[in-house]
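Trainee: Given next are the chains, with one letter for each unit.
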Amino acid sequence: MKLAGKLALITGGSRGIGLGIAEAFVAAGAEVIVCGRAAAADVPHQVRYQQLDVANTTAVTGFIEHCIGRHRRIDILVNNAGVQVEKNVIESTDDDWDQVMGVNARGTFNMCRAVIPLMENKGSIINIGSISGAVADPGMALYNASKAFVHGLTRSIAVDHGPHIRCNAICPGWIETGMLEAGFAAASDPEAARRDALARHPVRRFGKPEDVASMALWLASDESSFATGQLFTIDGGMTASSPLNPALF
Amino acid sequence: MKLQGKTALVTGGRGGIGRAIVSRFQQEGAYVYAADLSEQGSLGIENQECGHFLKLDVSSEENVKAAFTRVTEEQGKLDILVNAAGIEIEKTIEDTTLEEWNRSFAVNVTGTFLTSKYALPLLRAAVTEKSTASLINFGSYDGFIADPGLAAYCATKGAVHALTRAMACDHGPQGIRVNAICPGYIDTPMLQSFFEGEGSGGEGGTIESLQQAVRDVHPMRNYGTPTDIANLVNWLASDEARYASGQLWVLDGGLSAQVQQMKL
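Chains A and B supply the protein sequences, listed in that same order.
Counted the way this note's numbering counts, the first sequence spans residues 2 to 250.
Counted the way this note's numbering counts, the second sequence spans residues -4 to 259.
This is chain A alone, in the form it adopts within the complex (with noise of 0.2 angstroms):
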């Protein structure tokens, strides 16, 4: 039990990644608070779910205060809430960057601000950030931006918070989620499109929450107390190869 007594509060966690994660925290003993959106979700009994927009600043005020009134520390927080528009940037609106930079950049930024001082010089913040933070996916200008300003501010954090809270970031790569198979739905050739992305891969396979959710875990608990201001990339080894192959032309 590797979080035995701990309590973890994870964004976005009702699905995908986040309920990986969530999953995963509960087996290993923490106590664990899941927000999302949606005034109601379907999360696993252990874990209590609470409504919260990550992106105002106000209701994440508000429900840290809530927090402390039932909880005097919180040891782990996992910013995962995101969201994605696919557009490039001259077709990028205002709504658009708002609802982008918002979740992902500014939703990361009022939940570090908030649990940080909750941390009690112990903690471990580990944030969602992405492959793509690092190297673009095309036609995703806002979201590939607002993950670069996560990796960012993971190392800050790192840095001016060390050395009693660790910050890392995780970078996922393609994990099976919704988002993926909607992809694959859009395509000319949804089976010719997903034998060419599995060609990719040097693992044969997809991610699934499970693989990112055993990284949070170890980033979590205190057997990573060395590792501050990085950032973990699981994506089965598609970015260690070049995206150029031409054995799939």
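Don't take each hint at face value.
[What the hints assert, rightly or not] Label pairs and their computed distance ranges (CB to CB): (1) A:D223 - B:A208: 30 to 36 angstroms; (2) A:P191 - B:Q187: 49 to 55 angstroms; (3) A:E224 - B:K125: 52 to 58 angstroms; (4) B:G192 - A:E121: 58 to 64 angstroms.
[Unchecked claim] Some but not every residue of chain B turned toward chain A, in silico, with C-beta under 8 angstroms: (5) A141; (6) P143; (7) Q253; (8) V254; (9) Q256.
These aren't lab readings, by the way, just hints derived from the structure by calculation.
We put the beta carbon where it would ideally sit given N, CA and C, even for glycine.
Keeping the supplied structure of chain A fixed, place chain B upon it in accordance with the hints.
Mentor: Then chain B, alone, in the frame of chain A:
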């Protein structure tokens, strides 16, 4: 004439990228040695105008010593060293023989070590209050991300990247700048050989269709030319780049800026 009065030596100077660098340096007013295994180089071109030829196997310490003895006698200094000599073995490590592995490291890594080692006294002799010396290595975008079936090559280029930073730290205080150029796909005999190589053509593809497909993957929709590389080498060699050191300069038409592309 950015390089007026400067002396430069380019290894692999009669190869695809090397020739472009040598002629650019000459246009900019430098005295240039083109060091290579043969006068024709890998292109097999008879062009004696392209730099002062210096026969050199960069993996031979005796050869390298002799080359720099000649440069010392003729010029007494060296402002610019470009380590462009390199070889590529197109195999996985399982298929790579120890001899091929050693040869890759002998040319790409040991060669860079030897020429740099024996050039350093000459580079220091070129440094003045107004001017730095510039040492330019050839890394590759393959030193960051892998192309399939190029294991030894990828490893040698990773080594060159680390060596570049190490030399920049050690010799910066002496007025010597050390950088590496990391080319992506450049139109050279090495690239054409890759196009013609086993398993490179995909199913039923021709060299032409493969070349077009390679262009299409690049954000710039083309692969590079030796001139593109020479343009950056020229800047790094010149005093305009006097604050640039210890860096790995990727020049790849944007190829490595992107994630793998989903086929839609």
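Trainee: If a hint holds in the structure, say so; if it doesn't, say that too.
Mentor: Evaluation of the provided hints:
1. The supplied range of 30 to 36 angstroms is broken by D223 (chain A) and A208 (chain B), whose beta-carbon atoms lie about 49 angstroms from each other.
2. At about 36 angstroms, the beta-carbon gap between P191 (chain A) and Q187 (chain B) misses the expected band of 49 to 55 angstroms.
3. A beta carbon spacing of about 55 angstroms between E224 (chain A) and K125 (chain B) agrees with the range 52 to 58 angstroms that was offered as a hint.
4. Between G192 (chain B) and E121 (chain A), the C-beta spacing of about 60 angstroms keeps the proposed range 58 to 64 angstroms intact.
5. Because the beta carbon of A141 (chain B) sits about 5 angstroms from the nearest beta carbon in chain A, less than 8 angstroms, this interface hint is met.
6. Interface hint status for P143 (chain B): upheld, as the beta-carbon distance to the closest one in chain A is roughly 6 angstroms, under 8 angstroms.
7. The beta carbon of Q253 (chain B) is positioned within 8 angstroms of a beta carbon in chain A (closest approach about 5 angstroms), and the interface hint is therefore held.
8. With a cut of 8 angstroms, the hint placing V254 (chain B) at the interface with chain A holds, because the nearest CB-to-CB distance is about 5 angstroms.
9. Checking Q256 (chain B) against chain A: minimum C-beta separation of about 6 angstroms stays under 8 angstroms; hint holds.
Checked against the numbered hints listed earlier, the structure breaks hints 1, 2; every other hint is satisfied.
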